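Visitor: Here is what each chain is made of, one letter per residue.
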Amino acid sequence: MALIELRDIGFAYPGLDPVLEGADFRLESGERLSIVGPNGAGKSTLLKLIMGLLVPIEGTVVAFDQPRQCEADFVEVRRRVGLVFQDADDQLFCPTVAEDVAFGPLNLGKSKSEALEIVDTVLSRLGLTHLRDRVTHKLSGGEKRLVTLATVLAMEPEVLILDEPTNALDPENYARLVQILQGLDLALILVSHDPEFRQTIAPQGYRLQQRQLQRI
Amino acid sequence: MVYVLTERDSPSPDPLADRRPLRQVLVGLDPRLRICAAVVFAVTVVAFDTLWALAASLVVSLALLGLSGLALRQTLKRMLMMDSFIIFMLVLLPFTMPGTPIFSLWGLQASWEGVLRAVEIGLTANAVILAVMTLVGSMEPVTLGHALFSLKVPASLVHLLMFTIRYIDVLREEYQRLRIAMKLRGFRPGTNWHTYRSFGYLVGMMLVRAIERSERILAAMKCRGFTGRLVLLEEFRLRRADLAFAVVMGCVLLALILVEVAHGAY
Chain A
2 MALIELRDIG
12 FAYPGLDPVL
22 EGADFRLESG
32 ERLSIVGPNG
42 AGKSTLLKLI
52 MGLLVPIEGT
62 VVAFDQPRQC
72 EADFVEVRRR
82 VGLVFQDADD
92 QLFCPTVAED
102 VAFGPLNLGK
112 SKSEALEIVD
122 TVLSRLGLTH
132 LRDRVTHKLS
142 GGEKRLVTLA
152 TVLAMEPEVL
162 ILDEPTNALD
172 PENYARLVQI
182 LQGLDLALIL
192 VSHDPEFRQT
202 IAPQGYRLQQ
212 RQLQRI
Chain B
406 MVYVLTERDS
416 PSPDPLADRR
426 PLRQVLVGLD
436 PRLRICAAVV
446 FAVTVVAFDT
456 LWALAASLVV
466 SLALLGLSGL
476 ALRQTLKRML
486 MMDSFIIFML
496 VLLPFTMPGT
506 PIFSLWGLQA
516 SWEGVLRAVE
526 IGLTANAVIL
536 AVMTLVGSME
546 PVTLGHALFS
556 LKVPASLVHL
566 LMFTIRYIDV
576 LREEYQRLRI
586 AMKLRGFRPG
596 TNWHTYRSFG
606 YLVGMMLVRA
616 IERSERILAA
626 MKCRGFTGRL
636 VLLEEFRLRR
646 ADLAFAVVMG
656 CVLLALILVE
666 VAHGAY
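Those protein sequence lines, which keep their order, are chains A and B. Just so you know, the first sequence maps onto residues 2 to 217 in our numbering. Just so you know, the second sequence maps onto residues 406 to 671 in our numbering.
Source of the hints: derived by calculation from the structure; they are not laboratory data. None of these values were measured; they are calculated from a predicted model. Glycine is no exception: its CB is placed at the ideal position from the N, C-alpha and C atoms. It is possible that part of the hints are untrue.
What the hints assert, rightly or not - Some residues of chain A that are not near chain B, with every Cβ distance over 10 angstroms (derived):
(1) Met2
(2) Glu29
(3) Gly31
(4) Thr61
(5) Cys71
(6) Gly83
(7) Arg126
(8) Gly128
(9) Thr137
(10) Glu144
(11) Ala169
(12) Asn174
(13) Ala176
(14) Gln180
(15) Arg208
What the hints assert, rightly or not - In silico lysine to any residue, SDA-like type, Cα no more than 20 angstroms apart, as pairs:
(16) Lys49/A - Arg80/A
(17) Lys113/A - Thr548/B
(18) Lys111/A - Thr122/A
(19) Lys482/B - Thr529/B
(20) Lys111/A - Asp88/A
(21) Lys49/A - Arg621/B
(22) Lys139/A - Lys482/B
(23) Lys111/A - Thr529/B
(24) Lys139/A - Thr569/B
(25) Lys627/B - Ala73/A
(26) Lys482/B - Leu521/B
(27) Lys139/A - Leu109/A
(28) Lys139/A - Phe631/B
(29) Lys627/B - Arg69/A
(30) Lys627/B - Val78/A
(31) Lys113/A - Gln581/B
(32) Lys627/B - Ala560/B
(33) Lys111/A - Leu638/B
(34) Lys627/B - Gln211/A
(35) Lys627/B - Leu109/A
(36) Lys627/B - Asp164/A
(37) Lys49/A - Gln211/A
(38) Lys627/B - Asp88/A
(39) Lys627/B - Asp186/A
With the hints as constraints, model all of the structure from the sequences given.
Guide: If you want it as structure tokens, here you go:
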């Protein structure tokens, strides 16, 4: 069964040339896929289409065996698919790390004590307990990246989507990210320009070039 | 707000809140109580008319400053900064109010009533601002947001405050990055069109980036199940020390009101 499926998707930003034409994409359960392509080819756009942040001009987005069209359809998708954004500062908006990690679980209707329990579990699983009460905007770039991953994993997603996760990571945090991702038992979509990282995490995938999405 | 943020890193509640030295008694109190106390104090002081009551209020504010653990010199400096805003009004007041003349300057008569009114306003403003700084200004901005939220201040206002706290530093960094980039390409501000235009571009670029960032943040929040309601984690409890403070503060206010009534023309 496919977790996420795009059928014949076309998309253009208002007043601009099309970014995608007739794009088909399929992510099976447990599969790890990477998406490669030049800058500005529309990789991030593709991810936004999957999350329902953008609405395709044509084609259908199918997630968890149901076609998704309106905002309400995607609320459920967003609970089951976790997207880690390219710029960590966009994602970490709460004053402290604990509050940011708790934000997702609280939105899912968990109580405060349950949310705090999840915070502690996730942070200790990723070895980030020491950052728990830190102020988010004062974390280093690498720490921010790992914390954004924690905020998404706190929602226990079935699919993890990473947009350029290795941006601005030093070798040590890079190694930790690889270690964490290899320890996860999740379907995964990876957008990355780093060939070595792709090879380790998700060697299979698609190429996005000149509006076309092709399997490689 | 930025420098308040950079002073301390961890806003975690202090477990020793009940056993503080006298100098920092206020820090351990419930933030909600501190906000309420500041508001009640401010409203009461603004209503006073007699110099005695106002002077006594300023003394109370100074006492609060002593209990807040804030750096004396720095806080008084900030108070003076506020004074510089109203100084012109205070200086002009004696010349604009009619009454018994004291002296004249360049043909303008200064009145005794005007001087009195200026002193009154000066005392009121300083007493209130000092109380607000010691009671409210001494807490973490984040705590302030949470306390306002639990005092039933409209959620959208609290969110506005929280987002400002979170992103004002990001914006400042962005501004500094752009300024450095300009400097590295030989930009020297002067009094010419090139400077005005470049600063215009800088401000415009920051606005565009801020809007785009806000859109990305909203997208990121939606991806984590945000539907328009923020849940805050922190919970406040009134302790014995808080009740004691409330009682003492109430007595002090009552005493101030008595001073006002005793000296006022009622």
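Visitor: Now tell me, hint by hint, if it's right for this structure.
Guide: Tested hints:
1. Met2: Check passes; 23 angstroms lies beyond 10 angstroms.
2. Glu29: holds (22 angstroms)
3. Gly31: For glycine 31/A, whose nearest Cβ neighbour in chain B is about 22 angstroms away, the distance exceeds 10 angstroms, so it holds.
4. Thr61: holds (20 angstroms)
5. Cys71: holds (14 angstroms)
6. Gly83: Incorrect as stated: the minimum Cβ-Cβ distance to chain B is 7 angstroms, not above 10 angstroms.
7. Arg126: Holds, since 18 angstroms exceeds 10 angstroms.
8. Gly128: holds (19 angstroms)
9. Thr137: violated (7 angstroms)
10. Glu144: About 13 angstroms separates glutamate 144/A from the closest Cβ of chain B, which puts it past 10 angstroms; holds.
11. Ala169: Label holds. Min Cβ-Cβ 14 angstroms, cutoff 10 angstroms.
12. Asn174: Given a closest Cβ separation of 20 angstroms, the condition holds.
13. Ala176: holds (26 angstroms)
14. Gln180: The claim holds: glutamine 180/A sits with its nearest Cβ about 24 angstroms from chain B, beyond 10 angstroms.
15. Arg208: Fine: 25 angstroms to the nearest Cβ keeps arginine 208/A off the interface.
16. Lys49/A - Arg80/A: Satisfied, since the Cα-Cα distance of roughly 15 angstroms is no more than 20 angstroms.
17. Lys113/A - Thr548/B: holds (17 angstroms)
18. Lys111/A - Thr122/A: With a Cα-Cα distance of about 15 angstroms, the restraint between lysine 111/A and threonine 122/A holds, given a limit of 20 angstroms.
19. Lys482/B - Thr529/B: Cα-Cα ~17 angstroms, so holds.
20. Lys111/A - Asp88/A: Violated: lysine 111/A and aspartate 88/A sit about 27 angstroms apart, past 20 angstroms.
21. Lys49/A - Arg621/B: holds (11 angstroms)
22. Lys139/A - Lys482/B: Violated, at roughly 28 angstroms.
23. Lys111/A - Thr529/B: Violated, at about 48 angstroms.
24. Lys139/A - Thr569/B: This hinted pair holds, its Cα atoms lying about 15 angstroms apart.
25. Lys627/B - Ala73/A: holds (11 angstroms)
26. Lys482/B - Leu521/B: violated (25 angstroms)
27. Lys139/A - Leu109/A: violated (27 angstroms)
28. Lys139/A - Phe631/B: Violated. Lysine 139/A to phenylalanine 631/B sits at ~24 angstroms, over the 20 angstroms cutoff.
29. Lys627/B - Arg69/A: holds (16 angstroms)
30. Lys627/B - Val78/A: holds (11 angstroms)
31. Lys113/A - Gln581/B: It is violated: about 38 angstroms lies between the C-alpha atoms, which goes past 20 angstroms.
32. Lys627/B - Ala560/B: holds (18 angstroms)
33. Lys111/A - Leu638/B: holds (12 angstroms)
34. Lys627/B - Gln211/A: With a Cα-Cα distance of about 29 angstroms, the restraint between lysine 627/B and glutamine 211/A is violated, given a limit of 20 angstroms.
35. Lys627/B - Leu109/A: Roughly 12 angstroms between the alpha carbons, so the hint for lysine 627/B and leucine 109/A holds.
36. Lys627/B - Asp164/A: holds (16 angstroms)
37. Lys49/A - Gln211/A: holds (18 angstroms)
38. Lys627/B - Asp88/A: holds (16 angstroms)
39. Lys627/B - Asp186/A: violated (24 angstroms)
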